[in-house]
Every structure is written in C-alpha cells, then in structure tokens.
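J.: Chains as they are written, first to last, in the numbering used here: chain H, 1 to 167; chain E, 1001 to 1330.
If you are wondering where the hints come from, they were derived from the structure by calculation, not from laboratory data.
In this text the structure is predicted, and so the values were computed from the model without any measurement.
Just to be clear, a hint being listed does not mean it is correct.
[Stated by the list, open to error] If the Cβ cut is set under 10 Å, some of the chain E residues that face chain H in the computed set are:
(1) Pro1285
(2) Leu1288
(3) Thr1290
[Stated by the list, open to error] Listed below are the simulated DSSO-like cross-link pairs for lysine-lysine, each with C-alpha atoms no more than 27 Å apart in a straight line:
(4) Lys1287(E) with Lys1237(E)
(5) Lys163(H) with Lys117(H)
(6) Lys1329(E) with Lys7(H)
(7) Lys1287(E) with Lys1270(E)
(8) Lys1329(E) with Lys1319(E)
(9) Lys1270(E) with Lys1237(E)
(10) Lys1170(E) with Lys7(H)
(11) Lys1270(E) with Lys1319(E)
(12) Lys1027(E) with Lys83(H)
(13) Lys1170(E) with Lys1270(E)
(14) Lys1075(E) with Lys83(H)
(15) Lys1287(E) with Lys1329(E)
Even for Gly, the Cβ is constructed at its ideal location relative to N, Cα and C.
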Amino acid sequence: MLCEECKVNEASYTLSVMVGEELTTRHLCGDCMAKMNMNIASGNIKSLLSSILSAITGNDTPAEKQPEVVCPRCRTTLSQFTKTGHLGCPACYEAFHEQLQPMLLQIHGRVQHAGRKPLATEDAQRSRYRQEDLTRQMEQAIAVEDFETAARIRDQLKELAAKEAEA
Amino acid sequence: MSNPIVLSSRVRLARNYQDIPFDVAHKPDAAAMCIARTSNALRLSGQDSGFELLRLIDMDDVQRRALAECRLISKDLLRDPATAAVLLNEAEGLSIMMNEEDHLRIQAIRSGMALQEAAEACFRMDDALSRQVSFAYDEQLGYLTACPTNTGTGMRASLLIHLPMLTILKQMGNVGQIVAKVGLTIRGVYGEGSEALGNLYLVSNQVTLGRTEQELISAVTAVGHQLTDMELALREKSLQNGRNALEDSIYRAWGIMQYARCMGQNEFFKHWSGVRLGAAMGMLPVKLATLDAMLEQVQEANLQALMESTVTGRALDEKRAECIRAMLKD
Ligand SMILES: [Zn+2]
Ligand SMILES: [Zn+2]
C-alpha cells in the first residue's frame, strides 16, 4: 500500500487517529510518519494545520475565495491564522469557532475539555486536592486488588462530588 | 532518583490571560503587563520563596543559552529576549516562563520517572496563581492557548529517555508505532532532523484536549515503563548473545571519555551514550547522576559560562574534555 501522505513511498506505519468517537487509521511511510511526529512534537505546527485545514475545507477552494473572518478583539484574520497556525487572542476561539471545531477534532479526536478548571475559591482547591488524593489511593487499592477499600474510597469520592455540585 | 533508562520527567502547563493578545513579541506594554501581573500573583499567593525573576534582556547570551541547555527554560523563550522573562526556582526545578508562545508556561522537572510529582508541582503553582488572576478558559475547550495543539489541558508531559539498544538494533520504527498508537509522540532531543544524538528521546503526549491530566500522565508513564522493559530486555539479551562486542564498545567509550584531551559535541554524545549504558548495566564505576549532570554541563553555553568567554572550536572542545575527565574522577 502506498503512503497516503506523499503517495510515493510504501506505507509502513499505521497512524490511528480518533475522530469523534471513531477510530480512523492512516497509512504512512517512515518519512511522513517522522515528519508528522516532528511537526506535532516541535510545535512547528504550521504545515500540519494547513494540511488538516485544506483536508477539511477541500483542496479545491483557494484560500482567497473563502470569506474572510476577522476576530473583533485583536483583528487577526482567518487566513493569518491558517498561515501561522497561531491564534491572535483568546477571543479568536469564538470568532473562528466554525473553522476551529473540525480542526480541534482532527488534532485531539475530541472537542470537550475533561481536565482541570481554574479555581474559584480556597475551599474548591482543598476539595480538589482531597479528590486527587483519594483517586490515587483508589487506583493503588485496585492495583493490589483490594476492592473493598477501593469501593469505600469510591463512595467517599461520590460524596465529595455531590457536595461540590450543591455548592 | 537515578533510573537506568529514564533520565528525567517534565510537565508543563500553558496558561494565558484573557485580556492580552497571545503574541506580545512586538507589544512591549502587553509583555510588561504579563510579567508584572504574574510576578505579583506569585508574590500574593505566598508561594514565591526561592523564586527569582530573570528578564532575558538583562542576561547575556551565554547565560540564557546555558539555562536552556539545562532545560530550565525552553529554546523558544530565547527567540525574543526583549520581552521574555522567567520566574525561576532552580532548587525546586520549577519555572514560570513568560511571553513564550503562551503568556505563561509553568514547568516542573524531576529526575528519573516522576511525572506524577512533576505534575503535582505544576498543579500547585497553577492553583496558587489562579486564585490571584484569571486565565483564559472555556467550559467546552478548556484552557485557551495560542496554538490549537495545546488547547484543553494545555499540558505536555514528557520523559527524557535513553534507548541505545533499541536504536542500535533498529527498533525505533516499532517504538514509534507503539507510541503513536496510544496518542503519544517520540522524537530525538539533540541533533538536527531525525537523528537522535546520544540515543536520547523525548516521549510526550500529543493530544491535550478531551482527556484529563491524570489520563495523559498515566499514558506517558505506561509507555515509559513499556519502553524501559523493551530496552532492558534487549540489554540482557545482548549480554548473552554478544557479550564481547557490547562490552568492547562500552569500554572503548569509557576509555575515550576518561583520557581524551579534545572532544566535539557530537563525539561526546556518542561516547556518553556508551558510558551511560555501561554504567546502567553495572559495568562501569560511575554514578548515573554524574552522567546525567554531565549531559548539561559540557554543552556549549555551560562550558562558555565556566570559561567566562564565548570561545568555540578547539578551545571549547578541549575544555569539554577537561570537564568530562574531572567529573569522571569524582
Ligand atoms: Zn509518505
Ligand atoms: Zn483574536
């Protein structure tokens, strides 16, 4: 099978990418695989982004024919963003929402944040430390197959989460 | 704690202020605001002991590059010294870089396999700061960053890992595949393009959005363990199959490192890799911690800082050899 990126070399790697909840695979040669890894790892994301973007919008539409979108806060344009791979300001996320959504899906496979949040209060911080602590204890209990302890910690965690939801 | 395969663990978090444009390179007022706001927040948080504010513009080029060689700041921070700064706590391996690609890059480095500890240090700092200032955050997309590849957690967790046998036995293609399958990436740390000088690699998470920090750390840690097992198995096997050949190359590297009078950077990486392999396998009487420290101390800017001069070429290579000899004697 030929490499799907350069269409020259024999594909020897399978790159699995989550798109939404579906796992899609791409077949790449060693060179393109290395390039892909390098682009992502080095933050030299320009070429990666533009290839993703052109795949989404369709290669046939030249950039200048697309309607220009401008961020109302920092005046960065969509074409500036696709050229540099960098957004101008936090408000750009809102302004380019339509174009960013498929791009983020391509890069990350998901578009709903699941991680930490900024802390509002000291109480929330204490509660979160406690939860992180308990989660680790639970993982350790599961690792040594002490399911009784794990279940007890899980209940404690549920209680904490319920309290947080009330607040 | 020294580890036979994993040299160090690093976690960094990207954070931005809601009301300042991302790129402040040509906006001195915005850049100054970032630095002032962050320094203030750190002081108000009460977590500032041991931290020192370093503006890159106040440092000479050698000092800046030496910090980057020790990985306390990123190479990207050097790009615009006029606006960049770092709040550095060298003893704790903690840095808050300002005005790099994002307004803030909170970074923690620990030696050996210790991503959890590094992450917790970053989280504590993130929490301390976020009680004083507000970071650009969106309920759907998480932390908003200058580049969409960091959006979400804004977190990159990485392991600096030494894989000489996997490299020599041409297994890095397989390794790349294993790593990519679980959403991680691996690349050489030193050298241009695809070469990995010293057989040193950086394994890190590729995605940042849609997973929790804990999931990402677990994934990188799990791959770190997997690569460790693979590398150790190959080391074991090579001893059984070709003890003499492997031993010979390790002792040759050891000989050169102990006696050479002049050594270029590329040559250093090659012998360093052999010596670290020998030390990790218990063949050579040298501490892994010494070799890990050497990796930073004999690089160009660190040597120049020692010599208080910007010499390059032969004089630098002679100083490098001298430093190596001195470190191996202790
Ligand atoms: Zn290809
Ligand atoms: Zn904007």
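J.: With reference to the structure, classify each hint as holding or not holding.
T.: Structure-based check of each hint:
Violation of the interface hint for Pro1285(E) is found here, the shortest Cβ-Cβ separation to chain H being roughly 36 Å, above the 10 Å cut-off. For Leu1288(E), the interface hint is violated, since its Cβ never comes within 10 Å of a Cβ in chain H; the closest pair sits about 25 Å apart. Taken as an interface hint, Thr1290(E) does not check out: its beta carbon lies about 29 Å from the nearest beta carbon of chain H, beyond 10 Å. Proposed proximity of Lys1287(E) and Lys1237(E) is supported: the alpha carbons are some 23 Å apart, at most 27 Å.
Proximity of Lys163(H) to Lys117(H) is assessed by CA-CA distance (about 17 Å); at most 27 Å being required, the pair is judged to hold. Restraint check for Lys1329(E) and Lys7(H): not satisfied, since their Cα atoms lie roughly 54 Å apart, outside the 27 Å limit. With a C-alpha separation of about 18 Å, the suggested pair Lys1287(E) and Lys1270(E) falls inside the 27 Å cut-off, and the hint holds. For the suggested pair Lys1329(E) and Lys1319(E), the alpha carbons sit about 15 Å apart, so the restraint of at most 27 Å is met.
Taken as a hint, the Lys1270(E) and Lys1237(E) pair is honoured in the structure, with Cα atoms around 22 Å apart against an allowance of 27 Å. Among the hinted pairs, Lys1170(E) with Lys7(H) is consistent with the structure: their alpha-carbon atoms are about 25 Å apart, no more than 27 Å. Between Lys1270(E) and Lys1319(E) the CA atoms are separated by roughly 18 Å; this keeps the pair inside 27 Å, and the hint holds. Annotation: proposed proximity of Lys1027(E) to Lys83(H) holds, straight-line Cα distance about 21 Å (limit 27 Å).
Restraint check: the Cα-Cα separation between Lys1170(E) and Lys1270(E) comes to about 16 Å, which is no more than 27 Å; the hinted pair holds. Simply put, Lys1075(E) and Lys83(H) have alpha-carbon atoms about 22 Å apart, close enough for the 27 Å limit, and the pair holds. For the suggested pair Lys1287(E) and Lys1329(E), the alpha carbons sit about 11 Å apart, so the restraint of at most 27 Å is met.
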